[in-house]
Amino acid sequence: MKTDSKIDKALALDLLGKMMKARKFEEKVQYYFSLGMIHGTTHLGIGEEACAAGTCSALEPLDDMFATHRGHPAAVCKGIDINKMMAEIFARETGVCKGKGGSMHIADKSVGVLGANGILGPSLPLACGSALAHKKLKDGKVSLAFFGDGASNEGAFHEAMNLASVWGLPVLFVCTNNTYGMSTHISKVMKVTDIEKRAIPYGMKSVTVDGNDVMEVYNTVKEMRKYAYENNEPVLIVENTYRTSGHSKSDGNLYRTKDEINYWKERCPIKRFKERLLSEGIATQEEIDNVDKETTEIIDNAVKFALDSPYPKLEDIYDDVYAD
Amino acid sequence: MVEITYANAIKDAISEEMRKDDNVFMMGEDIGVYRGAFGVTGGMVEEFGEDRIMDTPISETAFVGAAIGAAVSGMRPIVEIMFSDFMSVCWDMILNQAPKMHYMFGGKVNVPMVLRTASGGGTGAAAQHSQSLEAMLCHIPGLKVIVPSTPYDAKGLLKSAIRDNNPVMFLEQKLLYRTKGMIPEEEYTIPIGVADVKREGKDCTIVTYGRMVHTCLNAAKQLEEENIDVEVIDLRTLLPMDKEAVLKSVRKTKHLIIVHEAVKTGGLGGEIAASVAETDVFNYLDAPIKRLASEDVPVPFCPILEKGILPDEDKIVKAVKEVLA
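These protein sequence lines map, in sequence, to chains Z and X. Sequential numbering of the first sequence, starting at 677, is according to the working numbering. Sequential numbering of the second sequence, starting at 2, is according to the working numbering.
If you are wondering where the hints come from, they were derived from the structure by calculation, not from laboratory data. Warning: the hint list may mix true and false statements.
Here's a subset of chain Z near chain X, in silico, CB distances under 10 Å, partners left out [unchecked claim]:
1) G794
2) C804
3) K812
4) E991
5) D995
Heads up, the beta-carbon is just placed ideally off N, CA and C, and yes, glycines get one too.
Excised from the complex, chain X in its bound form (with noise of 0.2 Å):
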């Protein structure tokens, strides 16, 4: 095992994938000499060159659209938005064109296309700068919508989705590219659409994924001290999604928490709690679930305001014992 970068890991999983296949290429703003707006990919355009590593204009529309144009017509392209929030002004080719071809062609159009971006808050760039899109995503079928919290995920779930022959969105969150984890020394990938428990207990299942994983497992260490045993599922795919790990889990722990970054509202916790509610485990639940998301407000900008809109360590520990009770 060796010592990564979340930012090195997504590095690694291109290179080695643009290594072994020619057809797979980068396009985004200012990846190349620049490294990208979060360094992620320093030394590409030194090691591939520019016809691989291609900068683009600022012109989501053309070069997302492209990338879809590109991935019909036999290549396996990766392309860069820089944040999330930018979805916005490309919104047609994530919306009505990517997701729909295989299945409005009947079958025979593949679209082998991943869109990486950076997701989430806690930098300071405020409202346009900060979102977590992903249940807007979670709501396109067609789509494939990842988000790693460690960097052997974001590894080994990237070269899944290079491979994979439809449009993946992977979604990258910024405040987890600097932080650091294990990961194996020989090749792996790992299966999109997996739960993986990030952390066995047998009181209370806190669902999660993205950097709200770290901030579960810190609040399970906290919980621990005081003999409550928390389980913290870890989605990694959020479509499709792993709900059978869910269920799985809630008739051990009989206790459910979901926790995410993005607003409550329409977030994927209505999703979770839905999918445990309309099956035969709601039965097992001791208690109401509960879910702890971003209020519903635009990310503001003072770091006290943005701070205090999301879940913490305090929060969810304070919930737990609330479902506990």
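Just chain Z, with the same shape it has in the complex (with noise of 0.2 Å):
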């Protein structure tokens, strides 16, 4: 699919600004974890960014987003509290779960967050369920899973695949596909790596976006969306991308060089629609520069927030294991 040529310029900065978010919430995540101030692990998504800002900022505000591990910059994206999310991370009680969830689990139903889940798979089930309650309840929305080229190996993509085609679910599928499920580069797990393909047995639409270009994947997903709403049908989107992160804290990238993760950074979505906007006249510099200030702004007074913010209570650990 081909990039539309004139851009808005409103939507340009503010998808600009997503990534830049996005970008720089994980930043200060690894650096915070590389000090020990943060607990537990992270899957960064670093380099990343354009498949979760273009196809979030395609949604409607409060259509259901299931997210996967890898869930930081598709939740900073569909619009969460950056604040709250940041205390998370930082396992504080003002933390959008009460520190309960952390960065596997960030979850906030008020924005259509319907959590980032530590297990690979179930983001499709799940979001074809949340399609059949919107179109039962024909409440507008639509429901998205997103999920990796790793998972796309997991019975239940194909289950869901299969439901949602017959019964006419209004559910994007949406494959990030970075090539490495963990370590292990796709070409060693499939025979067919044009995961687009796997939509042919169920009679699903699909396309393949390059992942890297915010508005190739805004512009696909928003009409992806819209097909999937008009007709009661799912879509499979392919977004190829590459995660210039390791997988988590663990990764000593052993399994890929350093070529090919700098060919990668120099091909980095933030970098590349900056280049755009310039050369294309739709930004000048100082518009970038702000975006970059004002979102340099909002990381820093999260981090603030999260640390200025008390840890939850023992006493608390029985809440919310049942809901009233």
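Two independent chains are provided; combine them into the complex using the hints.
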């Protein structure tokens, strides 16, 4: 799919801001993690921001989104409260999940973030059900599941593809294809690595985009959202990208070369988009610098908010095991 | 009061809730024109249509996952897994998704879902269609687990389960589907988490649930002829468990036997025994606690073996006499 040549300036700056916010958020997480000030583990999606920003911006604000363990950029771009999200990662009581979820379980129903997920694959069946609810309730929403190339080998992927197509569910299955399942390259685990083709036996519409081109992602998802909603049909969207950060804190990058990582750093979606905005005269350097400055402030404030927040209290551990 | 089968009590509970609340619907394998593998949903697709009585692909991960997704996005799904043994093929949904969401998402996402499934043996279906897996479910905070023993309990508890804002596992007893009992004509519900004294007695407490309730009641009748007065407590809900009801009874009878169809090792008998042993009620006991449960084997096919591995009336009578000796 080709990118529309005319870019709306406000949209462009919004997308740039979201990508920068996601990038800076994760860089801060990485930094405080290295200082030992963040507990547990984190899975960063540095390099994949165009997928999150383009996809989430193309949804309606209250559409439901189910994310993966590498879910920070998606939550940021879906409009979650950044302070509360940062506080969650710092395990604070003010966190979006009250410090009980952490990096792998960021969620906020009020903005349609129905959760990052520590398990690979379930986002697709969950999104099927959510889409079924929207179809029944006629509330104008669709549902979206992010997953990776790795999870497309899970049974849950195939079961959900079948269910969504046979039931005609308004759901978008968005594969963030970064070509690695942890350390294992896609070519070692799939005979046919063109994931788009996995829609064929399910009679489902599918499309592949350059996941490092935020406008291409945005325009495609926008169009596919409209299609899914109007026709009550699922769509498989494959967004090809690359994770320049490691899989998690344990990653020694033994499975790929520095040259490969550098090749993709050159194709950084933020860098590419800035260059395009300048070369096509859509935004000035000053305007881009302003977005840079604003997003830095937002993230710095979020860290401050998190660090100033108390930890949850041990006596509250039984809160929220059950709903009233 | 009217007489009704256990299966029809379940159907009536669902139908009443579906008539009242458009957001309640059902999904499962062959629950439409086939009427479900055990005939529970007969006539429902005719009344409610295929949009609300949804036959699914043979794809438990997809449709149980979809039930959870529908629940978080505003519906109140009831999902049927044909045999409880098949929870294995959608275990992630039962273990990692439904029960975790409310807690790990900070109390802001509810999963109002009921998962109905046929549990237990006695049908000659052998090792993969006969298990009693409730202890595994009770090991998962966030779930509620119900095992009804009568049509009255099945209906009242299922209605409460459908209205509950948590994932509720409703384990129906295959051998009880055709049994009959009395229920009121007017609407009623039974609160989740409250045990029921099915027979009052003063000499020995038997704690049980599910179809073993009836076996225990029959044993109690036999013992009555020998002037032994047994109290039978039906837990009804296993998670959260009404431990206070057990303690109260043991304080009175000073003897405790636990009976279940599930295998002994890791079964709820151990949990119930420990709950008594770790309180002062332990001091009331005049004899060691006894557990009667299935032998620790996969359910065998041969009917002599299948029956032989389970507690029965004779074994219960013998056990009661032993603890009272």
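Structure-based check of each hint:
At about 7 Å, the closest approach between the beta carbon of G794/Z and any beta carbon in chain X falls short of 10 Å, and the interface hint on this residue holds. Because the closest C-beta pair between C804/Z and chain X is about 4 Å apart, less than 10 Å, the hint holds. Of the supplied interface hints, the one on K812/Z holds, with its beta-carbon coming within about 6 Å of a beta-carbon of chain X, less than 10 Å. Among the interface hints, the one on E991/Z is violated; its C-beta lies about 16 Å from the nearest C-beta in chain X, farther than the 10 Å criterion.
At about 7 Å, the closest approach between the beta carbon of D995/Z and any beta carbon in chain X falls short of 10 Å, and the interface hint on this residue holds.
The structure fails hint 4 only (numbered hints given earlier).
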